[in-house]
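Participant: Letter by letter, the chains look like this.
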Amino acid sequence: MMPYDLSPLWLSLRVAVISTLFVFLVSLVLARLINRRDFFGKSFVEALILLPLVLPPTVIGFGLIVLFGVNGPLGMLLEQWFGFRVVFTWIGAAIASFVVSLPLMYQSVLAAYEKVDPRWENVARTMGVSEWRIFRTITFPLAWSGILAGLILAFARGIGEFGATLMIAGYIPGVTETVPLAIYFAYEAGDMEKALFWVVIISSLGVAAITWVNYWRKKSAIRIGRE
Amino acid sequence: MLLVDFQKQLDHFSLEMQFELDREILALVGSSGSGKTTLLNCLAGIVHPDVGTISLNGREFFSGGQKPLKIQKRKVGYLFQDYALFPHLSVEQNILYALSRGTDVSHITELTKILGITGLLGKYPHQISGGEKQRVALTRAMAVQPDILLLDEPFSALDDANRDRCQDELLRIHQQWQIPIIFVTHRIADAEKLADRVLRIEKGQMTEQTADSY
Numbered sequence: 001m002m003p004y005d006l007s008p009l010w011l012s013l014r015v016a017v018i019s020t021l022f023v024f025l026v027s028l029v030l031a032r033l034i035n036r037r038d039f040f041g042k043s044f045v046e047a048l049i050l051l052p053l054v055l056p057p058t059v060i061g062f063g064l065i066v067l068f069g070v071n072g073p074l075g076m077l078l079e080q081w082f083g084f085r086v087v088f089t090w091i092g093a094a095i096a097s098f099v100v101s102l103p104l105m106y107q108s109v110l111a112a113y114e115k116v117d118p119r120w121e122n123v124a125r126t127m128g129v130s131e132w133r134i135f136r137t138i139t140f141p142l143a144w145s146g147i148l149a150g151l152i153l154a155f156a157r158g159i160g161e162f163g164a165t166l167m168i169a170g171y172i173p174g175v176t177e178t179v180p181l182a183i184y185f186a187y188e189a190g191d192m193e194k195a196l197f198w199v200v201i202i203s204s205l206g207v208a209a210i211t212w213v214n215y216w217r218k219k220s221a222i223r224i225g226r227e
Numbered sequence: 001m002l003l004v005d006f007q008k009q010l011d012h013f014s015l016e017m018q019f020e021l022d023r024e025i026l027a028l029v030g031s032s033g034s035g036k037t038t039l040l041n042c043l044a045g046i047v048h049p050d051v052g053t054i055s056l057n058g059r060e061f062f063s064g065g066q067k068p069l070k071i072q073k074r075k076v077g078y079l080f081q082d083y084a085l086f087p088h089l090s091v092e093q094n095i096l097y098a099l100s101r102g103t104d105v106s107h108i109t110e111l112t113k114i115l116g117i118t119g120l121l122g123k124y125p126h127q128i129s130g131g132e133k134q135r136v137a138l139t140r141a142m143a144v145q146p147d148i149l150l151l152d153e154p155f156s157a158l159d160d161a162n163r164d165r166c167q168d169e170l171l172r173i174h175q176q177w178q179i180p181i182i183f184v185t186h187r188i189a190d191a192e193k194l195a196d197r198v199l200r201i202e203k204g205q206m207t208e209q210t211a212d213s214y
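Protein chains in written order, with this note's numbering: chain A, 1 to 227; chain B, 1 to 214.
Hints listed in this document are in silico derivations from the structure and should not be mistaken for laboratory results.
Please note that the accuracy of each hint is not assured.
Said to hold, decoys possible - Result set (SDA-like, lysine to any residue): computed pairs, CA atoms no more than 20 Å apart in a straight line:
hint: 1; chain 1: B; residue 1: K75; chain 2: A; residue 2: E121
hint: 2; chain 1: B; residue 1: K75; chain 2: A; residue 2: P141
hint: 3; chain 1: B; residue 1: K73; chain 2: A; residue 2: F135
hint: 4; chain 1: A; residue 1: K115; chain 2: A; residue 2: P141
hint: 5; chain 1: A; residue 1: K115; chain 2: B; residue 2: T109
hint: 6; chain 1: B; residue 1: K123; chain 2: B; residue 2: K75
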């Protein structure tokens with residue numbers, strides 16, 4: 001028997017899986033654009049993507065409330081079109097996780113794309129192959145080890161998100177209570193044992209993720225570059 | 001017929017090219033960094049000239065002011081100097097990469113036999129030697145049956161026996177396909193054996209060489 005209700009773990013996993021999925025798709029496209037195209041305001045767009053790395057979580061949470069709040073522009077749109085609210089729901093937690101893990105994933109994907117020698121893509125082009133097929137069969141497979149490392153980091157960051165989540169999703173046990181929130185409120189209530197239980201769980205996940213990413217980087221560093 | 005007449009500013013000099021090439025084999029000679037590879041890259045569409053024109057058999061590759069023809073549409077076979085084999089694909093997958101299913105590959109099977117790489121088909125690029133990579137890359141460049149072949153130092157890593165074999169095969173392919181072939185070499189003997197014409201490029205300026213001025 002588990003000593004505590006495990007719903008915070010399942011919620012955290014759900015939030016992290018969904019936010020990581022979107023982070024994965026958005027990063028692939030954004031990093032490709034930044035890597036390959038020159039356009040006006042490129043540095044500004046890149047700074048915007050990386051901004052959550054240096055902002056306090058409260059600022060991110062505040063920004064999300066302004067955007068997705070009941071009276072916020074995106075919040076109103078989502079409620080009118082799809083009939084759902086972001087604030088005080090697990091979707092809000094997923095959006096907060098998305099915003100904080102996007103820069104980590106974006107940086108990993110960009111570095112992974114930069115490692116793919118443009119000659120490989122060029123030789124494929126001379127063979128008449130379409131850009132999409134080149135991406136699918138050359139760029140993506142060769143960038144995969146870096147992309148996967150980014151995915152694990154983004155997932156770990158997403159599962160540990162606290163400040164912005166608290167601001168936009170609030171603390172509603174069973175609804176928006178993720179593991180980091182459970183730790184904070186257990187501690188606040190003086191339930192140190194419960195707080196420690198969740199600290200051990202989330203620390204183990206973090207250590208496992210970082211160990212695996214380091215192992216994978218070393219392993220792929222040996223593989224890549226052997227032409 | 002390949003028509004080339006363009007200028008491109010490089011770091012320390014301007015590359016100025018003007019020549020016509022029928023279904024001949026042209027050797028490019030000249031010291032390193034003189035613009036030979038840039039010329040091949042301009043023909044392939046990887047980089048673009050600043051001004052001028054490039055056309056092949058009436059198809060405009062580049063014409064100042066207009067959008068250059070996409071690399072994919074140029075039908076160029078290009079062997080890169082350091083081969084650029086796809087590291088995650090086997091030799092066979094490298095060679096057949098661009099071909100769709102059901103394509104007749106008899107000419108490729110023959111090429112692999114003649115160039116002695118049949119035994120390598122299941123191996124990966126990191127498992128084969130430099131000379132073998134070069135022959136694989138040569139086969140890959142020819143597999144798509146291009147309208148023009150661009151070869152950047154195609155024989156540099158080959159021993160004498162394999163060099164002769166590849167050169168004979170190139171001459172046979174040329175005889176059969178009747179396409180222009182441009183290759184970069186540092187060996188005068190390669191130029192003498194293969195080329196109908198030789199261009200020397202030094203600091204972006206070209207001069208046509210005659211057989212007795214090599």
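Participant: Between the alpha carbons of K123 of chain B and K75 of chain B, is the straight-line distance 20 Å or under?
Facilitator: Violated, at roughly 27 Å.
Participant: Is the straight-line distance between the alpha-carbon of K73 of chain B and that of F135 of chain A 20 Å or less?
Facilitator: holds (18 Å)
Participant: Is it true that the CA of K115 of chain A sits at most 20 Å from the CA of T109 of chain B?
Facilitator: Status violated; Cα separation ~33 Å.
Participant: Does P141 of chain A lie within 20 Å of K115 of chain A when you go C-alpha to C-alpha?
Facilitator: The hint holds at about 12 Å.
Participant: Hint check: K75 of chain B vs E121 of chain A, CA-CA at most 20 Å. Holds or violated?
Facilitator: holds (15 Å)
Participant: Between the alpha carbons of K75 of chain B and P141 of chain A, is the straight-line distance 20 Å or under?
Facilitator: Not satisfied, since the Cα-Cα distance of roughly 25 Å exceeds 20 Å.
Against the hints set out earlier in the document, violations occur for numbers 2, 5, 6.
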